[in-house]
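Protein chains in written order, with my numbering: chain A, 64 to 805; chain B, 64 to 805.
Bear in mind the hints are in silico, worked out from the structure with no lab data behind them. Among the hints, a few may not be true.
A pair counts as met if it fits within one copy or between any two copies, since identical chains are not told apart.
Derived pair list, reagent style DSS-like, types lysine-lysine, alpha-carbon separation capped at 27 angstroms [claimed, not checked]:
| no. | residue 1 | residue 2 |
| --- | --- | --- |
| 1 | LYS449 | LYS618 |
| 2 | LYS65 | LYS665 |
| 3 | LYS622 | LYS65 |
| 4 | LYS65 | LYS307 |
| 5 | LYS123 | LYS613 |
| 6 | LYS613 | LYS664 |
| 7 | LYS618 | LYS65 |
| 8 | LYS123 | LYS449 |
| 9 | LYS123 | LYS622 |
| 10 | LYS664 | LYS347 |
| 11 | LYS622 | LYS449 |
| 12 | LYS613 | LYS449 |
Number of protein chains: 2
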Amino acid sequence: MKITRTWNRDNIAQIETLFHTANGYLGVRNAPEEGHVPGSIRGAYINAFHEIVDIHHGEKLFGFPETKQTIANVPDAQTIRLTLNGKSYAMLSDETADREQTVDTETGLAVRSSVWMHPDGAVRVIFTRMASFEIPNLFLLRLRVESVDYDGTIAIESTLNGDVTNYANADDPRVAAEPLRCLTLVSSSIEEDEAMVVCRTLRSGLTVACRAMQGCSLPGGWEGEGALFAGHYEGRLRPGECVKLNKLVVYTDSLRCGDPAEEARRVMREVRTLGGNELIRRQKKFLAAWQERAIPQLCAPEPLPQALTYDLYQLLQSTGYDGVSSVAAKGLSGEGYEGHVFWDSEVYVFPFFLWTQPEKARGMLTYRWRLLPAARENARTLGMAKGALFPWRTISGGECSAFFPAGTAQYHIDADIAYAFLQYWYVTGDLAFMAEMGAEVLVETARMWLELGHMQDGEFRIDCVTGPDEYTCCVNNNFYTNAAAQYNLRGAAEVLRTLREAGLEQTVLGATGVTGEEEEAFLTAAQAMRLPRDERLGISPQDDSFLQKKPLDWKALPKTDFPLLLHYHPLFLYRHQICKQADTVLAHLLFPDTADIGTQKKSYDYYDAVTTHDSSLSVCVFATQAARLGDLARAREGFEATATLDLLDSHGNTKDGLHTASLGGAYLAMLRGFAGIRAEADGLSVDPVLPEGWEGYSLPFAFRGRSLRLTVSAGETRLELTAGEPLEVRMGQNSVLLIKAE
Amino acid sequence: MKITRTWNRDNIAQIETLFHTANGYLGVRNAPEEGHVPGSIRGAYINAFHEIVDIHHGEKLFGFPETKQTIANVPDAQTIRLTLNGKSYAMLSDETADREQTVDTETGLAVRSSVWMHPDGAVRVIFTRMASFEIPNLFLLRLRVESVDYDGTIAIESTLNGDVTNYANADDPRVAAEPLRCLTLVSSSIEEDEAMVVCRTLRSGLTVACRAMQGCSLPGGWEGEGALFAGHYEGRLRPGECVKLNKLVVYTDSLRCGDPAEEARRVMREVRTLGGNELIRRQKKFLAAWQERAIPQLCAPEPLPQALTYDLYQLLQSTGYDGVSSVAAKGLSGEGYEGHVFWDSEVYVFPFFLWTQPEKARGMLTYRWRLLPAARENARTLGMAKGALFPWRTISGGECSAFFPAGTAQYHIDADIAYAFLQYWYVTGDLAFMAEMGAEVLVETARMWLELGHMQDGEFRIDCVTGPDEYTCCVNNNFYTNAAAQYNLRGAAEVLRTLREAGLEQTVLGATGVTGEEEEAFLTAAQAMRLPRDERLGISPQDDSFLQKKPLDWKALPKTDFPLLLHYHPLFLYRHQICKQADTVLAHLLFPDTADIGTQKKSYDYYDAVTTHDSSLSVCVFATQAARLGDLARAREGFEATATLDLLDSHGNTKDGLHTASLGGAYLAMLRGFAGIRAEADGLSVDPVLPEGWEGYSLPFAFRGRSLRLTVSAGETRLELTAGEPLEVRMGQNSVLLIKAE
C-alpha cells in the first residue's frame with residue numbers, strides 16, 4: 064500500500080510527519096534534504112533519549128515537579144545539498160515539478176521525487192529513506208540524480224551534524240520560544256569513508272553516537288571537524304546519465320549499551336557486511352510477514368483500507384519494545400508533547416501489539432515495570448504511604464505534567480496500565496511474565512487505590528480525581544476511574560491467587576511483601592466500589608456532580624472556538640456539562656459489566672451530545688462503542704474519522720507529530736468494535752458485526768499461542784484457527800470449539 | 064503605648080517589619096541604617112506603586128495571566144553611616160549595648176537606641192523615624208549621637224539612592240531568586256541642601272520622585288551624581304557633646320500626581336515651612352484624636368491591651384484610602400505576597416475603618432470601584448458574558464494569581480467586596496455613595512453570580528468554586544460562597560430599589576443598564592440559593608462533597624509538617640477532610656441567618672476539629688464566632704492568639720511583613736465577637752459579652768453620623784451616644800432609643 068502526496072510551502076511540516084521514517088527505536092522526520100526551510104520542524108529522535116529541563120511554575124506548591132524530561136534532537140544526518148552548475152536544489156523552488164512524496168508500507172521506504180527544471184536542463188531528483196526494522200540503529204538515505212537533458216557540473220554535499228537544537232517557535236505559546244540545545248560534543252572522528260560524532264546531553268547525562276558512511280558514484284570524501292562533517296562529491300552529469308549517493312547512518316545510545324561509539328562501529332560493520340540493498344530486501348520481507356500476521360484486510364470503499372494499513376504501519380514505526388521505551392503520544396514523528404508517554408500507550412496503542420505481536424506488547428509492559436521505583440516515589444510525593452502511582456506523562460519515570468488538575472490527578476493511568484497487564488495475561492496466558500513483573504505492578508497499583516480511596520457508608524469512594532475527560536477536573540467518583548480501579552483491584556487479587564495456586568508467588572512476595580489481608584482488602588474495595596446509576600436519566604453519571612452542572616449549548620458556538628481549551632478558561636469548562644473526550648463511554652466499552660446495555664445506550668447518547676471530541680482520543684472510542692451497541696452507521700462514520708485523522712490532518716496539528724492514540728484507536732474499532740474480539744479471564748469471545756457499505760474484512764490475531772483469522776462478509780462469518788491447539792471460543796451466545804483445519 | 068524589643072543577628076528582618084514606619088501611603092522597613100546586613104530585607108514602598116513582571120507557567124492554559132504586578136522598592140533614603148575615628152557603627156557589632164528598639168503609638172515615632180562601646184569611648188546612638196500622618200509623602204529620619212566619654216573625630220554619611228532592587232533569596236523557593244530591579248533613573252539633581260532622584264519603572268511606566276533635605280550640626284553637604292547622592296558631615300565629638308542629623312524625605316509618584324518631581328519640590332517647601340519638630344508635634348496630636356475615636360480601651364491582663372493597640376496602629380499604618388490604593392496582605396511592611404490586595408482588605412481590615420473612620424472605609428471602596436473595568440475584563444476571560452469578577456490578588460486590577468484553583472476560583476471575593484459596600488451603606492447610611500459607586504459594584508458582582516451559577520431542581524447552584532479554605536479547591540456549592548453570593552444578590556436588588564425610591568437611580572442605570580428583569584433574577588437566585596444542612600451531623604456542609612471525604616488524623620502528624628501546604632501535595636489535601644482556615648464558620652459569623660444557633664454550634668465544633676489554622680486568617684474568625692456562640696474561654700484564647708500573632712511571630716514569617724488580616728481580625732473579634740456590634744439594613748444591634756479574666760472594655764464607634772461608646776464591665780453594660788441625633792438600637796432582645804447625654 065502506497066500513500067502519495069505532493070508538497071508545497073504550506074504543508075512542509077505535515078509532510079515531514081506523515082512520511083517520517085521510524086522503526087520504534089529511531090525516527091527521522093522527512094525534512095527537506097537541502098536544509099532548513101520556513102515552516103519545517105527538522106528533527107531526528109531516538110525513542111526515550113531525552114534531556115532534562117526546568118519547569119517554571121507561576122506558583123510552586125509542594126510536590127510540583129521541578130524538572131521534566133523532553134525528547135532530544137539527535138545528530139542530523141539527513142542533509143544532502145545538490146548543486147548543478149553552481150545552482151542549488153530546493154524542493155520548494157519554482158523550478159521543481161512532478162513533486163511526489165510516497166511511503167510504501169510493503170517496501171518500508173519513503174521516496175521523494177521531483178523533476179528539477181534547471182536552466183541548463185532537466186534532472187530527476189530522487190531521495191529514498193529507510194529506518195530499518197532489521198537493524199533498528201540504521202537510517203538509510205539515498206540520492207539519485209538522473210539527467211534528462213542536463214549537461215554540466217554536479218556537486219553533492221552530504222553532512223553529519225551534531226550541533227542540533229529542539230524545535231522552537233516564538234509565536235506559538237505551546238512550543239518553546241527559545242531553541243533548546245540538548246547535546247554537547249564528546250568526540251568526533253573520520254575513519255576512511257565513515258564519520259562519527261559522539262554527543263552527550265547536558266543534564267540527563269545520556270550519550271548518543273552517530274556514525275555515517277557514504278559512497279558516491281562521484282569522487283570525493285569526508286571533511287570537517289568538531290560536530291560537523293561533510294562529504295563533498297563533484298563531477299559531471301550528462302543527459303541520460305545518473306549519479307548516486309548512498310548514505311548509511313547508525314545511531315546508538317547509552318540507554319541501550321555501555322559504549323555507544325564502539326557499538327556504532329560494530330553495528331556499522333554489520334550493516335556494511337549485509338549492504339544497503341540486502342537491508343532493503345529484508346525490510347520488504349519483514350513487512351510481508353508483519354502484514355500477514357497483523358494487518359486486517361478490509362473490503363470497504365477507499366480510502367478506508369489504505370488509511371487503516373497506513374495507521375498500523377505508523378504504529379509499527381512508533382513503538383519501542385526494548386524495555387526502555389514505549390510509544391510516545393506522537394511516536395517518533397515529532398516533538399509534540401515532548402516525547403512523553405501517556406495512558407495512550409496502554410489503552411489505545413497496546414491492543415494492536417497485544418493481539419498481533421504479543422512479544423512487543425510484553426516489551427511495552429516491561430518498560431512500565433522498570434519505572435516502578437519512580438512510580439513508588441511519585442506516590443510518596445502524593446502523600447501515599449504505600450503503592451505506586453505512574454506519572455501522567457513521562458519518559459524515564461518522573462512526572463512531567465506541570466498542571467496537576469489535568470495531569471497528575473488522572474490517577475486512572477494506574478488502572479490503565481494494570482488493565483494492559485491483565486489483558487496481556489488473558490490474551491497470552493503468559494503466567495511466567497505475571498510472576499516476574501505483572502503481579503508486582505498489579506499489587507502496587509492496587510495498593511495505590513486503597514490509599515487514595517476510602518470506605519464510607521458501605522461504598523468505596525475515590526475523591527478528587529480527574530477522569531479521561533480533561534474538561535472536568537478534580538471531581539469525586541469519576542465513573543471511569545472507579546470502574547478501572549475496580550478491575551485493577553480484582554485483577555491484582557486474581558493474579559495473586561493464581562500465582563499462589565501455581566506455586567509461582569515468590570517473586571511478587573519478595574518484591575512487594577503483599578499480605579493476605581491486603582489481597583482481601585483489594586477484593587473488598589472492588590466489591591464495594593461506588594459505581595452509581597442516575598435513575599432519572601437511566602445513565603451512568605460521569606462523576607458525583609457532573610449531571611448537576613450547567614448545560615452548555617456548545618453547538619451554538621462558532622467553529623473557531625474549538626478546541627475549547629484554546630479559547631476558554633479551565634474554570635469555565637469545569638463548571639459546565641461539557642466533555643473533551645470519551646469518559647463514561649470508554650468505561651462501558653472496556654468494562655461492560657459495570658452497566659447494562661440499556662444504560663450503556665442511554666449513556667452513549669447523553670455523552671455524545673455533550674462531547675466536543677476536542678481530543679483525538681475520543682472519536683475512536685465512540686466509534687468502537689457504537690459498533691458494540693449496534694449503531695453501525697455511527698460506528699462506521701467514527702471509524703472513518705479516526706482512521707483518516709492524520710492523513711486528512713483533521714485536528715490541524717499533524718505537523719507536530721502523528722496522533723498515535725488515534726492510530727491505535729482505529730485498530731481498537733476494528734478489533735473490539737466491528738470484530739467484537741475480547742478476552743477476559745474466562746477466555747476469548749468473538750461477536751462480529753459488518754457495517755453497511757462494507758463488503759467484509761479479514762482479521763488475523765493471536766491468542767494463547769495460537770493464530771486465528773476472523774473473516775466476515777455479508778454472507779458469512781468465519782473464525783479459523785490457523786495454528787495451534789484447539790480452542791474454545793464464545794461466539795455471540797454460543798461456545799464453539801475451534802480445531803485447526805488440515 | 065510603647066512596644067520595645069532588642070535586636071540580634073536572628074531577628075533583624077522581624078524587627079524591620081514590626082517597627083517599620085508607614086502611614087498608608089509610604090512604608091519604610093526599619094532596616095539597619097548603616098546598610099545591608101545578612102538577614103535584612105531592606106525596603107521602602109509606596110502603596111500600589113508597582114512594576115509588572117512576567118508569570119511563567121509550567122503549562123499555560125487559556126486565560127492564565129501572563130504578567131502580574133509586584134510592589135516596587137522605591138529609592139532608599141534610610142541609609143546613614145556613622146564613623147568615629149575611622150571605625151563605622153554597626154548595630155549588630157559586639158560593641159553595641161543597651162540595644163532598644165521601640166515604637167510609640169502615641170507619638171508615632173520609632174526609635175532605635177544603643178550604646179556604642181567604641182574603643183575610644185562610649186557614645187549613645189539614637190535613630191528616630193516617622194512616616195507622617197499629616198503629610199503622608201514625608202518620611203523623617205533623625206540621628207543623634209551623644210558622647211558619654213568618647214573624644215575623637217566623627218563623620219556621618221547620609222545617602223539618597225535610586226539604585227534599588229526588590230528582595231531576593233536564592234535559597235527560598237517562595238521568593239524571587241534573582242533581585243528584581245524595577246526602577247530606571249529619569250533625572251537627579253542637587254539644589255542647595257536638597258537632593259532628588261526621579262525614577263521610572265520599566266514596564267508599568269510609573270514615576271517616583273524622592274527628594275531629601277538634611278541638616279546637621281556638623282559642617283558638610285550633598286555630593287554625588289546619577290542615582291546616588293550622599294551628604295557628608297565631619298567634625299569632632301567630645302564627652303558630653305551631641306551631634307544631630309535631621310533628614311526630611313519626600314516621596315511622590317505618578318499614580319497620584321501629574322509631575323512627581325514638581326510635586327516633591329512643592330511638598331518639601333510645605334514640610335520645611337512647618338519644620339520637623341512641628342510635624343512631630345502634629346503626629347502626636349493626630350494620634351491622640353485617632354485613639355480617642357478608634358481604639359478600644361481594654362482592661363485585661365497584658366500583653367492583650369498593648370497588643371490590640373499595636374495591631375490597630377499597624378492597620379492605620381498599612382491602609383491607603385486615596386482611591387488608588389487599599390491595604391495589601393502585608394500592608395507596607397514587607398514584600399510578602401508582592402504587595403497584593405486580597406479579600407483580606409474587605410472582610411478583615413475594612414470593619415475597623417468602617418466603624419471608626421468611615422471616610423477611610425469609603426476610600427478603600429473607591430479603590431475597588433476604580434478597578435471595575437479590569438474586573439469586567441476578568442469576567443470576560445472567565446467566559447462570563449456579563450458582570451465583573453474581581454481578581455483574587457491584584458494591585459492595579461489585573462489578576463496576579465498564577466494558580467487558579469486557590470486563586471481565581473475564589474469567586475467569593477466578589478461577594479466579599481459587595482459585603483463591604485453593603486456594610487458601608489448600613490453603617491454610614493451614605494446613600495449618595497451607593498448611588499455614585501456602590502450600586503454599580505453590587506449590580507456587576509450580582510450579575511457575575513447569575514453567570515456563574517444556574518438553577519436546577521429549584522435550587523440555585525454554584526459549581527466549581529473555591530471557598531476561603533484553600534485546602535479544598537474547585538468544589539460545588541461551597542457554603543460560604545453561596546451564603547455570601549446570596550447576600551450580594553439580595554443587597555444589589557435592595558440598593559436598586561432604594562435608589563429608585565429615592566430618585567437616585569440614574570447613575571447606576573447609566574453605568575450598568577441594569578433592568579427590572581435582572582433585579583428580579585437577583586432576588587430569585589438569592590431566594591433559591593442552595594444552602595443545605597447535613598441532617599445526620601446537624602451541621603452546614605462546607606460544600607456538596609466535603610463531608611464525604613476521607614478524614615485525616617492531622618493531630619497525629621509531627622509539628623514540623625505544618626503548615627501542611629509546605630509538606631503535602633494539593634491533591635492530598637483536597638481529597639481529605641482538612642481545612643486550612645475558617646470557611647463555614649465564617650459564613651455563620653457574617654451571615655448568621657443561614658443557619659440556626661444549634662447548627663452553628665455543631666458546625667463550629669465539627670470544623671474546629673478539622674481546621675489546622677495554617678492560615679493567619681483563621682483563628683480570629685473562630686475566636687469571634689466563639690464569642691457569639693457564648694464559648695468565651697475559646698473566644699478569649701483565640702483573640703489572644705490573634706492579637707499577638709505578629710508580636711510573637713507565631714507564624715514564623717513576620718519578617719516578610721505583618722499579617723494585616725489578623726490585625727484586622729483582632730478588631731473583628733472585639734467589635735463583632737465580644738461587643739456583639741452588628742449592622743444590617745434594619746439598623747444597629749449590640750449584644751456584648753465579657754470573658755472571664757477581663758475587667759472590661761470600652762469601645763468607641765460611629766454609626767450613621769453619630770458617635771457612640773460601648774462600655775462593658777462585670778457589673779455594667781453602657782451604650783452611650785456621645786454625638787449626634789437620637790438612635791434606636793437593638794440590645795439583645797430589646798430595642799432601646801439612645802439620646803445624647805447633656
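Would you list, in rising numerical order, the hints stated earlier that this structure does not obey?
-> 2, 3, 7 and 10
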